[in-house]
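**Q** What follows is the residue order along each chain.
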Amino acid sequence: MGITRRTFVLGAALVIGGLGVSVGVPARADGGGTATFDVTVIQASKAEGASDPALGKLQTYLQKSFAGYKSFKRLDSRSLAIAQDATGKMPLPGGKELELSYLGASKGFVRVHLTVDGLKTTVNVKDGGLFFQAGRVLDGGIMVLAIGAQSGATD
Amino acid sequence: MNCQEVQKVLLPFADGELGADEAARVQAALADCPDCVAELAEIAAVRSLAREAFEADVADVDLGGVFDGVMARLEGEGALRSAPAAAAATPSPSQAGAFERFSTWMGEIFRFERPVAAFAMAAAVAAVVAGVMFTQGEGPSVTPGATQQVAGSQTAPTTHPRRDMEIEVVAGRNAASVEDFEAADGKVVIDHQNDPDTPMVVWHIVDEGATTTPEKGL
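So the sequence lines, in the order shown, correspond to chains D and V.
Following the numbering used here, the residues of the first sequence are numbered contiguously, the last one being 155.
Following the numbering used here, the residues of the second sequence are numbered contiguously, the last one being 218.
Do not take every clue at face value.
As the list claims (entries may be wrong) - Simulated pairs of lysine to aspartate or glutamate, EDC-like, Cα-Cα distance not exceeding 16 Å:
(1) D:Lys120 / V:Asp185
(2) D:Lys57 / V:Asp197
(3) D:Lys89 / D:Glu99
(4) D:Lys64 / V:Asp197
(5) D:Lys96 / D:Asp139
(6) D:Lys120 / V:Glu182
(7) D:Lys120 / V:Asp195
(8) D:Lys120 / D:Glu99
(9) D:Lys64 / V:Asp180
Rather than coming from a laboratory, the hints here were simulated on the basis of the structure.
Looking at chain D on its own, in the form it has when it is part of the complex (with noise of 0.2 Å):
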């Protein structure tokens, strides 16, 4: 009495073919829903020049990151919540835009496209982390968006 041998394998087998159903299709652990990006608008300058309390700890990465300048202003900031595959805008100093297309998180990063006067780039920073873009000139000195990226995942 008991289980015969060839029910056991039929029912094995279906049961490991309902598994390899399961287990080929994740579910999408990360990505997907909507990322927020706190994007920050600073002028850094090579002058002399008191420190602005508006950039908090953005301060201490910008010494880093930009050694050659002394101070740092903050312009402008906007937390932008952007769902995935739309476009956030964003105005910037000079007429300018920024665009920022959030592209999906996988893997504890998040994938962003950048477009900002002329220049496109695809991006994947640490979730939660932050990376910087610059290069313009901005009143005698260079204007530096701080971007740091936020996904609604929960790894």
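Following the hints, position chain V against chain D.
**A** This is chain V only, laid out in the frame that chain D set:
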């Protein structure tokens, strides 16, 4: 009926193929045979699994020929005899072993549903392959603890998108990499620091004469 007799007719009993009298005798005998009840439950469980596996895909498939196929196969195997003498000497279809009956029944299912079964198998394999590609094909190449392969500034032509800019970075708080870039003019410099916590800078320098180059800034 004793237990052995009951177990021989469990499959046709489960199929509702027994006559009313015989079905009643089996039903009565089940009360005194826990093993028979357990085997009946096992049959039901396996059928439930089979039904779940096929039900979604075979809704449009005609299963009407399954039973006829079973009977034809049993006849071919000599399990069915029309003569009374043979019937006396050989188990009737309803008395054929549960194992053989079930095996034949499943064989017919797969024979009739071979395209569906093949499709299901192909779908399962494709799903597994897609899953592997999905989990390995996304995200930057990050090796925790690995050293940064590209440090300092890197200058590249900017008139064409680049796909060779992916680098391995330490998985620090601000780890980042550039997947591709394109600039209408000027040059693009990807500035990675050795410290993975120091944010990457994507420089786009249009005016070479201005004081905006990263070399001057660093």
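**Q** Taking the hints in turn, state whether each one holds.
**A** Taking the hints in turn, this is what the structure says about them:
1. D:Lys120 / V:Asp185: 11 Å, holds
2. D:Lys57 / V:Asp197: 13 Å, holds
3. D:Lys89 / D:Glu99: At roughly 5 Å apart (the allowed maximum being 16 Å), Glu99 of chain D and Lys89 of chain D satisfy the hint.
4. D:Lys64 / V:Asp197: 9 Å, holds
5. D:Lys96 / D:Asp139: Between Lys96 of chain D and Asp139 of chain D the Cα gap is close to 15 Å, so the pair holds against 16 Å.
6. D:Lys120 / V:Glu182: OK: Lys120 of chain D and Glu182 of chain V at ~5 Å, within 16 Å.
7. D:Lys120 / V:Asp195: Roughly 25 Å separates the two Cα atoms, so the pair is violated.
8. D:Lys120 / D:Glu99: 9 Å, holds
9. D:Lys64 / V:Asp180: 24 Å, violated
When held up to the earlier numbered hints, the structure conflicts with 7 and 9 and fits the remainder.
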